[in-house]
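Q: Line order of the protein sequences matches chains R and H.
Counting from 1, one number per residue, gives the positions in the first sequence under the working numbering.
Counting from 1, one number per residue, gives the positions in the second sequence under the working numbering.
Some clues are possibly wrong.
Said to hold, decoys possible - For lysine-lysine, the following DSSO-like pairs were computed, each having C-alpha atoms within a straight-line distance of at most 30 angstroms:
#: 1; chain 1: H; residue 1: Lys174; chain 2: R; residue 2: Lys13
#: 2; chain 1: H; residue 1: Lys39; chain 2: R; residue 2: Lys163
#: 3; chain 1: R; residue 1: Lys53; chain 2: R; residue 2: Lys13
#: 4; chain 1: R; residue 1: Lys163; chain 2: H; residue 2: Lys15
#: 5; chain 1: H; residue 1: Lys39; chain 2: H; residue 2: Lys174
#: 6; chain 1: H; residue 1: Lys39; chain 2: R; residue 2: Lys53
#: 7; chain 1: H; residue 1: Lys11; chain 2: R; residue 2: Lys13
#: 8; chain 1: R; residue 1: Lys53; chain 2: H; residue 2: Lys35
#: 9; chain 1: H; residue 1: Lys35; chain 2: R; residue 2: Lys13
No wet-lab data here; the hints were simulated from the structure.
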Amino acid sequence: MDRTESQDEFYRKVAAEYGASLARMAYAYEADPDLRRDLSQEIHLALWRSFEKFNGRCSLRTWIYRVAHNVATSHVVRQTRGKRSAPAFLTLEEAGVQASGENVEISADRHQALAHLFALIQRLDPLDRQVILAYLEDLDAESIAEITGLSVANVWTKIHRIKEVLVRQFHRGGRDGL
Amino acid sequence: MACDDLPDDLKILWKEAGMDGPVFSPDQLRQETEKMHAKRRRSYLVLGVVFSVVIAGFAITFPYFHNILMRIGAILGILACGYWVVVVLRERARVVPDPAETDGVGFYRAELERMRDWHSRLRAWRMSILVTPFILYDLGLAQTFAKVAPWMVLFVWFDCTIFLGLLAIWAPIKHRKTARKYQERIDTLDAALRREGR
Chain R
1 MDRTESQDEF
11 YRKVAAEYGA
21 SLARMAYAYE
31 ADPDLRRDLS
41 QEIHLALWRS
51 FEKFNGRCSL
61 RTWIYRVAHN
71 VATSHVVRQT
81 RGKRSAPAFL
91 TLEEAGVQAS
101 GENVEISADR
111 HQALAHLFAL
121 IQRLDPLDRQ
131 VILAYLEDLD
141 AESIAEITGL
151 SVANVWTKIH
161 RIKEVLVRQF
171 HRGGRDGL
Chain H
1 MACDDLPDDL
11 KILWKEAGMD
21 GPVFSPDQLR
31 QETEKMHAKR
41 RRSYLVLGVV
51 FSVVIAGFAI
61 TFPYFHNILM
71 RIGAILGILA
81 CGYWVVVVLR
91 ERARVVPDPA
101 ETDGVGFYRA
111 ELERMRDWHS
121 RLRAWRMSIL
131 VTPFILYDLG
141 LAQTFAKVAP
151 WMVLFVWFDC
161 TIFLGLLAIW
171 APIKHRKTAR
181 KYQERIDTLD
191 AALRREGR
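Please take these sequences and the hints and turn them into a complete structure.
A: This is the structure:
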């Protein structure tokens, strides 16, 4: 952060640029609308506070996603506390196996496809969620490794599995492209 | 069936979502921070008041009742409250990892450990430290009032059953199960990381 730039100004710029991406992330971590708003607020609050010490050692994008993912992970861990009915998290492999029966056409109903994608992500283990979300947000493997703490090779392996799962769960339908 | 580049279609679809996310101004966030601090201060106050009332209750009644069980219960009760204040304060003082400086794996593991440790702290012996003084005090109370107020004995038995049942037996079992659940998640995470060579 530019030393002369105030924390507030910096936050405003980041919120404008990354707001939609952070909203998607909150959606992917929390299905309940009220809790989702709380989570969004927690993420924005943590980001705003973190900018006080942003030192540029990593890219701003990596910093933002790391803070947001960690806050969301903490939220997920807290939300599942003591809930007997809380479903167990799935690994990417398990999600792939469970997906075989349901295959959604993207072009036919985009809302349904999106809902299906969010539902899939919400069931994943937090670590796999971090990877799949960063992948969908177009982060490269090096940045994902920096955010998650996994090695670049592991990230590539996970991305490969993510693609397999997504291909099994979705199909393009009659027309090409979107 | 899907073609190889399907994830790119999904990425386009993905980016269509989230355009109407909530917006927060720095002032709102500042107010939220203040609210959080106020909530924390309030919770300390409530905790302090609850323990003070219990300690004061034991201390005030001490000179008036000569029953030995009540006296032992009162002394142990004050010590137990002091012990639990320390347990709670230590838990709250625990340093949590900085979300900006910790990677996803480290942060997730630390969160699971924090939850596991909290639940495993509520073990039977720790709960007994809190419950036993109350039971002794109640039994002494029942002895003292057995002749003048027989209903008091019933009340004490009910009280003891609730304390024993909920705090000394049910709560530790429940928390132990929950702690085990978090440990299982940590083990799963560690196994996955080992498999992937980390």
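Q: Honestly, which of those hints from before does the structure not fit?
A: 1, 2
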